[in-house]
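Chemist: For reference, the chains in residue letters:
There are 2 protein chains.
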Amino acid sequence: MIEHKNLKLRDIGEFGWINRVRSRVLQGRSGILAGIGDDSAWIKSQGSLLITCDLLIENVHFLKDIHPPRLLGRKALSVNLSDIAAMSGIPQYALVAIGFPQDTELEYADELMEGFLEVAVEHKVELIGGDTTASEKLCLSITVFGKPAHKKPVLRSGAKPGDDIWVTGTLGDASLGFELLKKSQTGELDLSDFHHSSLLVKHFDPDPRVEAGIMLGKIANSMIDLSDGLISDLGHILEESGKKTTVKAEVYLDKLPISKDFKEYFKGNPLDDENALSLVLTGGEDYELLFTAKQSSRSKILEFSRKLDLPISRVGRIKKGKKAEVILRDEKARKVKHPRLKFEHFPSQERQIT
Amino acid sequence: MIEHKNLKLRDIGEFGWINRVRSRVLQGRSGILAGIGDDSAWIKSQGSLLITCDLLIENVHFLKDIHPPRLLGRKALSVNLSDIAAMSGIPQYALVAIGFPQDTELEYADELMEGFLEVAVEHKVELIGGDTTASEKLCLSITVFGKPAHKKPVLRSGAKPGDDIWVTGTLGDASLGFELLKKSQTGELDLSDFHHSSLLVKHFDPDPRVEAGIMLGKIANSMIDLSDGLISDLGHILEESGKKTTVKAEVYLDKLPISKDFKEYFKGNPLDDENALSLVLTGGEDYELLFTAKQSSRSKILEFSRKLDLPISRVGRIKKGKKAEVILRDEKARKVKHPRLKFEHFPSQERQIT
Numbered sequence: 014m015i016e017h018k019n020l021k022l023r024d025i026g027e028f029g030w031i032n033r034v035r036s037r038v039l040q041g042r043s044g045i046l047a048g049i050g051d052d053s054a055w056i057k058s059q060g061s062l063l064i065t066c067d068l069l070i071e072n073v074h075f076l077k078d079i080h081p082p083r084l085l086g087r088k089a090l091s092v093n094l095s096d097i098a099a100m101s102g103i104p105q106y107a108l109v110a111i112g113f114p115q116d117t118e119l120e121y122a123d124e125l126m127e128g129f130l131e132v133a134v135e136h137k138v139e140l141i142g143g144d145t146t147a148s149e150k151l152c153l154s155i156t157v158f159g160k161p162a163h164k165k166p167v168l169r170s171g172a173k174p175g176d177d178i179w180v181t182g183t184l185g186d187a188s189l190g191f192e193l194l195k196k197s198q199t200g201e202l203d204l205s206d207f208h209h210s211s212l213l214v215k216h217f218d219p220d221p222r223v224e225a226g227i228m229l230g231k232i233a234n235s236m237i238d239l240s241d242g243l244i245s246d247l248g249h250i251l252e253e254s255g256k257k258t259t260v261k262a263e264v265y266l267d268k269l270p271i272s273k274d275f276k277e278y279f280k281g282n283p284l285d286d287e288n289a290l291s292l293v294l295t296g297g298e299d300y301e302l303l304f305t306a307k308q309s310s311r312s313k314i315l316e317f318s319r320k321l322d323l324p325i326s327r328v329g330r331i332k333k334g335k336k337a338e339v340i341l342r343d344e345k346a347r348k349v350k351h352p353r354l355k356f357e358h359f360p361s362q363e364r365q366i367t
Numbered sequence: 014m015i016e017h018k019n020l021k022l023r024d025i026g027e028f029g030w031i032n033r034v035r036s037r038v039l040q041g042r043s044g045i046l047a048g049i050g051d052d053s054a055w056i057k058s059q060g061s062l063l064i065t066c067d068l069l070i071e072n073v074h075f076l077k078d079i080h081p082p083r084l085l086g087r088k089a090l091s092v093n094l095s096d097i098a099a100m101s102g103i104p105q106y107a108l109v110a111i112g113f114p115q116d117t118e119l120e121y122a123d124e125l126m127e128g129f130l131e132v133a134v135e136h137k138v139e140l141i142g143g144d145t146t147a148s149e150k151l152c153l154s155i156t157v158f159g160k161p162a163h164k165k166p167v168l169r170s171g172a173k174p175g176d177d178i179w180v181t182g183t184l185g186d187a188s189l190g191f192e193l194l195k196k197s198q199t200g201e202l203d204l205s206d207f208h209h210s211s212l213l214v215k216h217f218d219p220d221p222r223v224e225a226g227i228m229l230g231k232i233a234n235s236m237i238d239l240s241d242g243l244i245s246d247l248g249h250i251l252e253e254s255g256k257k258t259t260v261k262a263e264v265y266l267d268k269l270p271i272s273k274d275f276k277e278y279f280k281g282n283p284l285d286d287e288n289a290l291s292l293v294l295t296g297g298e299d300y301e302l303l304f305t306a307k308q309s310s311r312s313k314i315l316e317f318s319r320k321l322d323l324p325i326s327r328v329g330r331i332k333k334g335k336k337a338e339v340i341l342r343d344e345k346a347r348k349v350k351h352p353r354l355k356f357e358h359f360p361s362q363e364r365q366i367t
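Those sequence lines, one after another, are chains A and B. Anchor point for the first sequence: position 71 equals 84 in the working numbering, and the numbering is continuous, going up by one each time. Anchor point for the second sequence: position 279 equals 292 in the working numbering, and the numbering is continuous, going up by one each time.
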């Protein structure tokens, strides 16, 4: 290994860097006929394949000065594993395309890659190729392949009237964490005084629900990962599922799973605080699974929850409807208005493209 | 279709854009079980698969103000098809991840996508997924899948002592084109007075050598596409091929294929001009094929050249050697020194990471 001290990525060059990554990747897994080091990777494939890709960009998805590179590398792979999980897939291979600023320290790049490879080992994913280039801002584009754990993967399009709506984990933590990080940058919040670290961890290092996705594959009628927020992602399920018979969703506000740290930060009932409620309903990047299943599957799902040691909460119901809409109900089943609900088909005039 | 005039991408939002792209993609090709619109794409796969990805970044790979968006969309796919071609593969599927600046005009994004889909249709490639996000600079990350045209793809590692070295097309045009474009930006060159448009086309809209790659699949011992320049890419072949018996390459300068426009721009013999020679030997992005083959294949290769109506030139020879090096020889077989040749193993201390 080259001694790091003060070395920059440009000192070893693109090919030096590729060889460095290559030397860290375990080679020779069966199924890989040619990996890093050729124009294309070449893999054996049988049956069917799941494929997903995600782009993470500095200042849009992460703040480079605050996000530790190891955790950024972990996250870059995790968010893609989350997409494979949402199809009930077993992840297998990954490609990494990275645009590095010219003055990137070799140590920074190494740590980023170390984080990536940590998650790869945890989930038995092998790095088979990619691209490295210069870029003004750091950007990471990861492609992940997997195979369906069962005969068919779970699509967004299978939600049926009568289905329960479920979510794993808790909601809103990642987006609250990101808000707090931005506040720490402007000096509004001192992170060293901050005790709700689970909120930050959820943003820095989300845990893809791969095991849960595999277990739920035989039970879930439809599934998606929560990357854009509950209302938006539930909207995708309604749109995809409603092509023959239009379906709507009723969501019970008092059943939404909210973490202890989230509650403590808002000191009381987050549902009474407009900002808190917005984070829970529309905050992105939780990377939890949102799925629908028949009511007869309830006990099985709660059994999975215990086995996985992961909360899985029943938060609503799919119904026949005139249009693909999400209706919020309070603990007395009264309709609750929320500014984000006025959009049909979930366009994002008021949102940034993310 | 929404009326374009003055619309920006943020007016229709991420999901509006995804639905817009989706509506332009021909659906229902056999082999695609689930395409755009789910967490992952789901494809049937049999045998083996080739996979490659490339990242194109504003100001590094292209100048956004000058590169017409339709041609940029074409190029983004073409450079990946070139990688599949270099393995003797038949391209099949693509994923597109794009980071768009917030104020991107819808018309710009549409034209970019139109160019991409044009090349996709030309090469029967189907778009199956991707990602769209905000970004300060435009960036495009494309992943392409294909299947080997023959039983085995052609790897970089198969070059043998005695092999001829061949290249398709001409060398240096794309990098000269890029230089001229940069000159036009600083006012050194007025493009409206410029007559050597093939040089610009080669940078703006390279033609991936897919057909040639497929034809050569049974004959080439090793193959690579020229993305980093002749010396660097030949270096990759030597490194990968030399793991058991070290091989070196002799390149005949007077046999290097140089276009009419390139010669005219340099008014005379480009090999006498140091800058011209550097472009021919080390200029990147030609996206031509560089391959080695047995001497007994010469007539077959020239027959392919006629069939494809594409020059294929024999430019050198692979030999046993003490180290993986490229030796340049002039028309009298004398060794020629070139500053880029002093690097062993082709590190890029003096190059930018690209």
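Do not rely on the hints blindly, as some may be mistaken.
Intra- or inter-copy, both count: the list cannot distinguish identical chains.
Here are the computed lysine-lysine pairs in the DSSO-like style, where the Cα-Cα straight-line distance is at most 27 Å [stated by the list, open to error]: (1) Lys150 to Lys173; (2) Lys21 to Lys137; (3) Lys231 to Lys257; (4) Lys257 to Lys335; (5) Lys165 to Lys268; (6) Lys57 to Lys256; (7) Lys256 to Lys320.
Keep in mind that the hints were calculated from the coordinates and are not lab data. Because the structure is a prediction, the values reported are computed rather than measured.
Chemist: Can you tell me if lysine 21 and lysine 137 fall within 27 Å by alpha carbon in one copy, between copies, both or neither?
Modeler: neither (30 Å within a copy, 42 Å between copies)
Chemist: I want to check one pair: lysine 257 and lysine 335. Are their C-alpha atoms no more than 27 Å apart within a copy, between two copies, both, or neither?
Modeler: within (12 Å within a copy, 69 Å between copies)
Chemist: Which holds for lysine 150 with lysine 173 at a C-alpha limit of 27 Å: within a copy, between copies, both or neither?
Modeler: So lysine 150 and lysine 173 fail the 27 Å test inside a copy (43 Å) and across (42 Å) alike.
Chemist: Are the CA atoms of lysine 57 and lysine 256 at most 27 Å apart within a copy, between copies, both, or neither?
Modeler: Intra 35 Å, inter 24 Å, cutoff 27 Å: inter-copy only.
Chemist: When Cα atoms must be at most 27 Å apart, do lysine 231 and lysine 257 count as within-copy, between-copy, both, or neither?
Modeler: within (23 Å within a copy, 49 Å between copies)
Chemist: Could you place lysine 256 and lysine 320 in one of the four classes (within, between, both, neither) given a Cα distance threshold of 27 Å?
Modeler: neither (35 Å within a copy, 49 Å between copies)
Chemist: Regarding lysine 165 and lysine 268, is the shortest C-alpha distance of 27 Å or less found within a copy, between copies, in both, or in neither?
Modeler: For lysine 165 and lysine 268, neither the intra-copy (30 Å) nor the inter-copy (56 Å) Cα distance is at most 27 Å.
When each numbered hint is compared with the structure, violations occur for hints 1, 2, 5 and 7.
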